[in-house]
Amino acid sequence: MLRLEGVTAGYGHTVILEGVDLSLPPGGLLAVLGRNGVGKSTLMKTIVGQTRLRQGEIRFGSEAVSGLPSYRRSRMGIGYVPQTRDVFPSLTVEENLRIAARPGKWTIERVFELFPNLAARRGNKGTEISGGEQQMLSIGRALMGNPSLLLLDEPMEGLAPVIVEQLLESFRMLRQDGDLAIILVEQYVNLALDFSPTTIVLDRGRVVFSGESERLRRDQSLMADLLGAGGQSKAKH
Amino acid sequence: MTDRSTAAILPMPQAGISGTRKALSMSLWVAALAIPTLAPGYTPLANQIVVMILFALSLDLLVGFTGIVTLGHAALFGTGAYTAGIMALRWTNDPLITALSGMAAAALVGLLTGSCMLRTKGLAFLVLSLAAAFMLHELANMATSVTGGDDGLQGVSFSPLLGVFEFDFRGHTAFYYSLACLFAAFLLVRRVVNSPFGWSLRGIRENDARMRAIGCPIYTRRLAAYVMSSALAGLAGALQAQTTQFVALNSLSLELSGDVLIMLILGGSGRLYGAFVGVPLFMFAQDLLAKEDPANWYLGQGLILMVMTLFVPGGVLGLVERLRRSLGRGGR
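Chains as they are written, first to last, in UniProt numbering: chain Y, 1 to 237; chain X, 1 to 332.
In case anyone wonders, no lab produced these hints; they're calculated from the structure. In this text, a Cβ means the ideal position worked out from N, Cα and C, and glycines have one as well. There could be a bad hint or two in this list.
Pair by pair, the computed Cβ-Cβ distance ranges are [said to hold, decoys possible]:
#1 Y:Thr107 - X:Leu89: 54 to 64 Å
#2 X:Leu28 - Y:Glu169: 45 to 55 Å
#3 Y:Asn36 - X:Val192: 53 to 63 Å
#4 X:Met26 - Y:Glu157: 39 to 49 Å
#5 Y:Ser130 - X:Leu327: 42 to 52 Å
#6 Y:Ala224 - X:Thr120: 27 to 37 Å
#7 X:Leu327 - Y:Gly67: 46 to 56 Å
#8 X:Tyr42 - Y:Gly12: 53 to 63 Å
Take a look, some chain X residues computed to stay more than 10 Å from chain Y by CB distance [as the list claims (entries may be wrong)]:
#9 Val69
#10 Leu111
#11 Gly149
#12 Glu206
#13 Asn207
#14 Ile214
#15 Cys216
#16 Leu281
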């Protein structure tokens, strides 16, 4: 459903990704790992069309989307949850969700079922909820667009362990859904490897590992090599 | 079913406050109706204020709700005024037909200029809006045979409203007519900003990249807001022409564009009621300062504006909001 071929992209004159290939089947899962600043977020932004694509092609479904503006990609079914969450502060929780609604099986009721916290805060402004709730809102808003591919950029960052647990539970529910493909960018290595059977590792804008998550988990020296000491410490999470 | 059970036990947020606000709003509208009876001498000034509130309200849709700051909004006001005036002199002087034509003409100008200018944003947009307004001003200045040039359109008269109510010397018809138009426009704008379309405008104001990423075509949304705002500005211009029976070249001026922006910021933008607070405040202050010192009253006006911008961001309504919040916290 998603295929990147030789994608080189960046911002302005700066190139961040170089010759990235990846493919994801419908309903597939993929974890993206890598040290800080290797281009994980840029990869997500390139898929949604927020960077400058210099070379290569991005196909979504049967269409090439490389030249399409990001709102068209979103309407085709790419949902994006950015690292910054980007909740609209002046809108209420409910308005933040409804603003993104497109017809499909995801409705506001279903989002509230997935995240009961949000139901309780539906009248609160975007700034009047906790960081964890903002993350849930950002994910819920992406789901309201009824995507067939969901991009999650470090959703656990800075959240308390109990919230991380809640989010993980909701990810498991999404995974069971079956027809939603998910790409998860994560710093917590074990968490990502548990989530997805396949993983890619980025280093300096290139894909340096692509394969089964188990293979990476078993090979500690490869993991240390690719993800460094930081990756190791987070792997203990 | 979690959501319904949770929703049921939740109190409606801020129900008390919005109830008070509603009552206050209603009583202000009713009080406005009494102006011609209670203060007949002030009716023409009140009419001016009502027209300017409508103009500032149209600007609020852009500045406050969509985050489009323009210095050329008078171009649309002037288009409405000149369209109504020229039509009255040449074709028909029916108030409703000329007002609708003024709206349509301004919407068209908004569509044409907006579709070019809205490809930019921020400073570039500001400069383009200024340039477009200058060009229109100069055009009106040069086309003396149609617009009267620097002399403006004099002696523009309109037939009785709905064939019944004449635009009299006391200005009562004019005032009620303007007030009715403002009320209708207010209901429309309130409806729009509280609709999903209006939420998307606020989303664009706060984070346009994010709006794109959730599938919103922001260029078309911004253009739609611009055309809507243009039509309302055009209506305000047409009302000005009809109720003062005169169209001056300064209805297209930079000064007017600046004044309306100041009025809105003074009251508080993005709050729907900012125009209703800022316009009377500005016009009364202007009146007072001009009486004190007819030569240098701009100095006083500038000072007030600087103080407001530096120390009261969010305008008068923003100040009220903050006071209420801190009082509420103290009470708890």
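Each hint tested on the structure:
In this structure the supplied range 54 to 64 Å holds for Thr107 of chain Y paired with Leu89 of chain X, their Cβ-Cβ distance being about 57 Å. The hinted window of 45 to 55 Å between Leu28 of chain X and Glu169 of chain Y holds, with their beta carbons roughly 51 Å apart. For Asn36 of chain Y paired with Val192 of chain X, a C-beta distance near 44 Å fails the hint of 53 to 63 Å. A hinted range of 39 to 49 Å holds for the C-beta pair Met26 of chain X and Glu157 of chain Y, which are about 48 Å apart.
Between Ser130 of chain Y and Leu327 of chain X the C-beta distance comes to about 26 Å, which lies outside the given range of 42 to 52 Å. The hinted range of 27 to 37 Å is not satisfied by Ala224 of chain Y and Thr120 of chain X, whose Cβ atoms lie roughly 49 Å apart. Evaluation of the 46 to 56 Å hint for Leu327 of chain X and Gly67 of chain Y yields a pass: the beta carbon distance comes to about 55 Å. At roughly 58 Å, the beta carbons of Tyr42 of chain X and Gly12 of chain Y sit within the given window of 53 to 63 Å.
Distance check on Val69 of chain X: its Cβ is at least 17 Å (rounded) from any Cβ of chain Y, clearing the 10 Å threshold; non-interface status holds. Even its closest Cβ contact with chain Y, about 21 Å, leaves Leu111 of chain X beyond 10 Å, as expected for a residue assigned away from the interface. Every beta carbon of chain Y lies more than 10 Å from that of Gly149 of chain X, the smallest distance being close to 45 Å; the non-interface claim holds. A beta-carbon of chain Y comes within 10 Å of the beta-carbon of Glu206 of chain X; the shortest separation is about 5 Å.
Not every CB of chain Y lies more than 10 Å from the CB of Asn207 of chain X, the least distance being 5 Å, so the non-interface label is violated. Distance to chain Y contradicts Ile214 of chain X as a non-interface residue, since its nearest Cβ pair spans about 4 Å, not more than 10 Å. Not every beta carbon of chain Y lies more than 10 Å from that of Cys216 of chain X, the smallest distance being close to 6 Å; the non-interface claim is violated. Annotated as non-interface, Leu281 of chain X keeps its C-beta farther than 10 Å from every C-beta of chain Y; the closest such distance is 24 Å.
This entry does not satisfy hints 3, 5, 6, 12, 13, 14, 15, going by the numbered hints stated previously.
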